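One line per chain: the protein sequences are B and G, in this order. Residue numbers are given in the working numbering: position 59 of the first sequence equals residue 59, and the series is strictly consecutive. Residue numbers are given in the working numbering: position 85 of the second sequence equals residue 85, and the series is strictly consecutive.
Calculated directly from the structure, the hints in this document are not laboratory data. In this text the structure is predicted, and so the values were computed from the model without any measurement. Hints are not guaranteed to be accurate.
Claimed, not checked - Looking from chain B toward chain G, a few residues come up when the C-beta cut is under 8 Å (computed):
1. H42
2. P43
3. Q48
4. F88
5. R92
6. N93
7. G101
8. G102
Here a beta-carbon is modelled for each residue, glycine too, at the ideal position from N, C-alpha and C.
Residue strings, one per chain:
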Amino acid sequence: GQQVMQIPQYQHVQEGEDFTTYCNSSTTLSNIQWYKQRPGGHPVFLIQLVKSGEVKKQKRLTFQFGEAKKNSSLHITATQTTDVGTYFCAGRNAGNMLTFGGGTRLMVKP
Amino acid sequence: DGGITQSPKYLFRKEGQNVTLSCEQNLNHDAMYWYRQDPGQGLRLIYYSQIVNDFQKGDIAEGYSVSREKKESFPLTVTSAQKNPTAFYLCASSYKAYGYTFGSGTRLTVV
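Given the sequences, and given the hints that come with them, work out the whole structure.
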């Protein structure tokens, strides 16, 4: 079945440093979604990417979808303590099922 | 405001007991899902339903059961056959291929 791998599993950064999490799928995706889960909270939808090579920005967050539609990344510029949480990617395949990656837990030292 | 409501927020289960977790949405979404999350782990799909009166097993359905008698409701029963039920349970809904909306979750503990 479809697998979605996310790296790294954990990342500690100093406040102000940049952060990137990577997502790779074993199959070509029709779209990819990103979610953020704050500690003790529930996942919240951030964005969806659909087109090959697509890049979208939300303030300090930049999302990319690979040309082959099998990988994606989320980059945060100049992290803040409010960025703390676990970031999940989720890939949708041709069968319309969404598969979540294992998540990257971001910790920010003030 | 539209959203998903899960109840209770915390639930304690005795050994051998069945418990039911509630999930209600007023978003008019057709599809609903149940996920299990263990500490520090990702989301694992238990069951999903794309339409009323129909549901499918996910990756870890053993020891769980669901029903979808109404569009708004998708309750999950954790049966005594589930040997390690302590976890955080998340319900979600979606409209077509758009992003999922999650409830605030139920933390189940076996005592």
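Now for the hints, and whether the structure bears them out:
Evaluation of the B:H42 hint against chain G yields a held restraint, the C-beta minimum of about 4 Å falling below 8 Å. Interface hint at B:P43: satisfied, since its Cβ lies 5 Å from the closest Cβ of chain G, which is below the 8 Å cut-off. This hint holds: B:Q48 has a C-beta 6 Å from the nearest C-beta of chain G, less than the 8 Å allowed. Contact between B:F88 and chain G, as hinted, is supported at the beta carbon level, the nearest pair being about 7 Å apart and thus within 8 Å.
Taking 8 Å as the C-beta cut-off, the interface hint given for B:R92 holds, the closest approach to chain G being about 6 Å. The interface hint given for B:N93 is violated, since its Cβ lies 11 Å from the closest Cβ of chain G, which is over the 8 Å cut-off. A distance limit of 8 Å between C-beta atoms decides the matter here; for B:G101 the minimum to chain G is near 7 Å, and the interface restraint holds. The beta carbon of B:G102 comes within 4 Å of a beta carbon in chain G, closer than 8 Å, and the hint placing it at the interface holds.
The structure shown violates just one earlier hint, number 6.
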